[in-house]
Amino acid sequence: MAESAPATAPLATNGAERRGRAWLKGGRTLIALVTLLAFNALFTRDFLTLQTLTINLSQVAQVVVVAMGMALVIATAGIDLSVGAVAAFAGTLAAVLLTQDSGALAQPGVALLAALTLPLLAAALFGGMNGLLITRYGVQPIVATLVLFIAGRGLAEMLTNSNLRTFAPERLEWLRSNLLGLPTQAWVMAAVVAVTAWVVRRTLFARRLLAVGGNPRAAHLAGVPVARVKLIAYGACAALAGLAGLMNVAMISAADPAKIGLNIELDAIAAVAVGGTLLSGGRVDIFGTLLGALTIQLLDYTLLAHGVADEYALIAKATIILLAVILQRRGK
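Residue numbers (my numbering): 27 to 358.
Honestly, the hints are just simulated from the structure, not real lab data.
We put the CB at the ideal spot given by N, CA and C, even for glycine.
Treat each hint with caution, since some may be false.
[Unchecked claim] Derived CB-CB ranges, DEER-like:
#	residue 1	residue 2	range
1	T70	L151	41 to 49 Å
2	D336	N241	35 to 43 Å
3	G164	A216	36 to 44 Å
4	V334	V173	30 to 38 Å
5	R233	L74	38 to 46 Å
6	T80	G333	18 to 26 Å
7	N241	T192	48 to 56 Å
Using the sequences plus the hints, can you model the full thing?
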């Protein structure tokens with residue numbers, strides 16, 4: 027019995043070290059966010075106002091929703107480049123359904139129900155298609171999702187013949203209004219984060235998800251349904267992208283398939299990377315992903331508020347992603 031102590035002590039030490047590194051990475055993101063908040067409070071005009079808070083929450087909400095799904099996919103050691111195209115298709119489909127003037131969809135209640143359900147279902151099916159290409163046909167995730175990245179926006183443009191599709195503002199007014207002083211979309215974002223965090227912390231699926239990302243072969247030998255786990259992850263990611271598409275069209279009461287979700291996949295991946303989730307899979311940090319998205323959004327706002335051109339903002343964002351990946355590799 028005495029001889030077992032040396033064997034277990036290193037395991038406990040390694041676990042403590044891993045938790046310490048996770049806290050350190052999350053702390054870096056939090057420090058960056060607090061630093062940006064302090065800078066803006068001191069040097070950005072009208073930053074400490076409810077209007078500024080509302081603007082930033084409205085802009086970051088869609089990125090956070092997509093980033094939650096992206097975190098699940100990246101935890102499997104995958105990637106999903108198609109989320110922007112899926113958001114475009116779902117948002118455009120919702121606008122098309124809301125503008126039908128014949129048949130059952132001419133009734134406002136039926137049209138609204140269809141616009142809130144069918145686009146999400148279509149998005150989930152797209153995600154399932156990505157997962158199927160990866161699990162059954164062995165296509166690399168970056169290639170499988172690149173196919174939909176290219177074709178998905180084209181399908182969205184086919185729905186409207188590449189034209190802007192507008193609908194009556196009151197149809198989705200509740201989704202762009204305020205609730206208890208904050209944008210409704212911020213509450214939607216909070217709900218998605220809470221549910222995702224619960225899934226990651228409390229469910230068997232989360233343990234299987236991390237096992238698949240850490241070592242898919244070992245997970246398979248241990249009886250984990252690897253293909254099913256990946257299908258669920260990609261389906262959930264796409265469904266959340268579809269939700270972001272609905273949120274996008276609700277803000278302007280119109281759908282522009284060429285612009286909905288444009289580059290949102292980059293923002294989502296950046297949020298996950300900055301938040302401390304390993305891009306090589308096997309770990310997921312939901313709270314860190316939220317902090318990462320908020321930090322990137324606040325950086326964009328800071329640069330814009332101080333007259334920095336958009337191209338420099340893109341360079342700054344790319345630099346942040348690079349630094350996050352370097353810090354991840356050094357922290358292994």
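Please list, smallest to largest, the hint numbers that this structure does not respect. none
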